[in-house]
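Colleague: Given the coordinates of chain S, work out where chain E should sit on it, guided by the hints.
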Amino acid sequence: MKGRLATAFPWVFLLLVAGAIVWDQCTPREAMVLGEGVDGTSPATEKAAAVSDESGPTDRDPVCGMVVRKSTSYQLRYRGLYYHFCSTDCRHAAAADPERWLAARSRAPDNGHTMRGIPAWMFQFGVAVVMLVSFGLFELSARRRPTAEGPALAHRLDLLPIRSLRYRLLRWAPLRFTFQLCLVAIFALIIAAGLFGSQNPAFNIAPILTWTLWWAGLIFFVLYFGKLWCYVCPWDAVATWLERLRPWGRRRQGFGLGLRWPTKLRNIWVAVAFFVVLTWIELSQGVTSIPRVTAILALTMFSMTVVGAFLFERKSFCRYGCLVGRVSGLYALFSPFEVRTRVPVACAGCVTQECYRGSSTGDGCPTFEYPRSMERNTYCTLCMECIRTCSRDNLTVYLRPWGADLAKQRRARSDEAVLAIVLLSMTGFHGLTMIPSWPQWLQAFGAALGLSRPVAFTVLTAAIILGPILLFWFVATISAALAKHHSARTLFLHYAYALLPIALFYHLAHNAEHFLMEGPKALAIASDPFGFGWNLFGTARTVFPPLVTLEGLWFLQVLFVVVGHLYGLWICERTTRRLIPDRRRGFAAQLPMLAVMILSSSASLWLLSQPMQMRVSAM
Amino acid sequence: MDGPTLARPRRRASTVVEPQVVRHGHHSAGLKAIWRSLFCAFFAWVALCPVAEAGHVLGLGKYNYDPNALRPQLRISERVDSWQLDVSGYPGNPEPGEEIEFLVTLGHARGGRPVSGRVECTIHRVSVLGQRQRVVESQLGELDGNGYRFRVSLPDDAEYEVAFAFGDGATRTSTLSIPLVVGKPGSPWTILGGFGGGLAVFIVGVVLLGRVRNRRGLAAVTT
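Chains as they are written, first to last, in our numbering: chain S, 8 to 626; chain E, 5 to 227.
Next comes chain S alone, as it looks inside the complex (with noise of 0.2 Å):
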């Protein structure tokens, strides 16, 4: 019974996320009246106003700027107009002060919009939950034995039970190609549109649908589906069709050299450097909303592909080069899926070994898995090779709870462990660079320091990226010391994995911004998607709403830090238990952990209770 409930966890939450979504973009609100009571001043309610169909569905709130969807607006009427806002912030701010605010002379410019951060309460209030289910969850796990892997861990349920439908959907060559195509597609018209569409981010598509919805909606993706980016990715397609001049069928002898990847680079430290020097590039150099910079990137990842498809064996550029396939494979540890054997044990007298060298029906395994003992989804890019290739029938796709290989991790890696904290300050730098006050803080550190622009900015990254790693480090050090029983690099390499929850969902929370509110856009810009004046779809004109309302999304972020944290609390509980079996070792060992982890969820949540400036605010 645990072991289904927490298999069914992530899709009732996901239930709960879309339930929340409708339910907010449902509910009218109620209008406060301003200045036509006796005193004149005195606030009342009433009932939300019906929409003026005359003005169109929206309009965009006087405070802040945002475009909001009039019905499921905050309303207030002042002199007999009813002005629409994003929150009840927004609303008492034009309130207290309509002069300013409600002034047509002052109105907030459309070529602007910062939006607010959660609000105090709010952050108050996640950050005491955060502490509540701390130190409770830290109580009951001193009361519990340790055990083995408990049976809510062990559940999975086959996805492909009928042998037929792995047979003739997994082994139908085309599929994958039909999925790449229209990826390639896509890819082919953000190079397109950045290269030769008009250069103002607001009218082309390609910054939209490549920061904001791919980059953005890639997190959602990984937590549910995992590394099936990769089975769909147009830049491996394209590199694996010129180096075979073949779109799909078995491997043979193609262009490439099929050179090893060098053996002291069998790591995954040059895509964690790629990473961070995207995301310098990316931040310090605003490419997000920059068309050209945004196609020059993505044909440099394109190029990065089709070298390691022609230099190295297999795909090997995918396993240890590839910065998006390290990265969703990283968070891959926690998604629901995994490819794994249906009889561990029939793989035993297996001498064939399909599923690593192919077969005539398939290819081996491109990233050198080796499936039959395969723990970990990090470097399985799901591509179902190993399901068409193996004669036993002994492999197949699993649903499983979140986390489940994070929980019984075995083996840490360094690299993957200073990947886990680097994501963490990274996605926390993201969000860093976005507050106003920003360009403000960078000036006055460079001014401080006597450095140009780009140089302080280069500094405030690095040091972003080391002091994490290096606070983990001391408090991995003051764990050791009251464990007694393993070295601080094994704790820190170890505990490192515990971080990736609260990382993953604080990622989450910060794109929700970035996906819900201005993702609705693309919708309008696909109609026009070089800014050439075209209407495709005689959408060019229209002003789509965000999908949900700024308190909604403030709820849903409150609570991505909570679950991120609740998760991250139970691998680091998982890890105690199987690193440390004595009791009041264990407890003591855990306690600094424990300091990291609401230290890391508390600064997530002020994060987001910074006002933002959004990225496409142009539009």
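Treat the hints as calculated values from the structure; they're not laboratory data. Please note that a few of the clues may not be correct.
[What the hints assert, rightly or not] Residues from chain S shown here face chain E by an in silico Cβ test under 8 Å; the list is partial:
(1) 202
(2) 262
(3) 263
(4) 303
(5) 306
(6) 317
(7) 456
(8) 459
Backbone N, C-alpha and C define an ideal beta-carbon position, used for all residues, glycine too.
Modeller: Frame of chain S, contents of chain E only:
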């Protein structure tokens, strides 16, 4: 040690169905050096390319830049401290040596009513690595109606930073800096051709290298 990164079969097969990859264990030092240099050069190029190109484009997010206007113009409306500043620039994307006209309207943040004050303009040229070189000394704007007018011309095709210092003369001075690009970025065909041509040369090089290697391997077997 992190341990081996490559998952290998624990048991070697007694009969191999079909080897997947033909591995070439022996490469000459020359070939290794060539592909390593190519690899490093390529990655260095792709790493530097976006940084060099990033600033030199039209329509940075901060602008409300309308390229479809009769004469592309630049419009910025910002609140700085207790001031509301409206800046318009003609042309928005000037050519080298062309005169640019800025009109700056200064108002109070509350209400936005125009006020008279003092506005100065200074322009720095910004290099790719961020070094600033002053190219236009501080000049005072001439009052024209509700706004302050500046006329400058910048000789070189480059990226600049225009700084407006303003205030009412009594209180402290506030500053607004905006980026400005003079000249047009290169043709998109150049970028596409660069990437496409580079990849084509690389692929042809790899294919030729593979053939040479195969011939050498065949010759070694025959000998």
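Colleague: Evaluate each hint against the coordinates.
Modeller: Comparing the hints with the structure gives:
no. : hint : verdict
1   : 202  : holds, 4 Å
2   : 262  : holds, 5 Å
3   : 263  : holds, 7 Å
4   : 303  : holds, 5 Å
5   : 306  : holds, 5 Å
6   : 317  : holds, 5 Å
7   : 456  : violated, 13 Å
8   : 459  : holds, 4 Å
Going through the hint list in order, the structure does not satisfy hint 7, though it satisfies all others.
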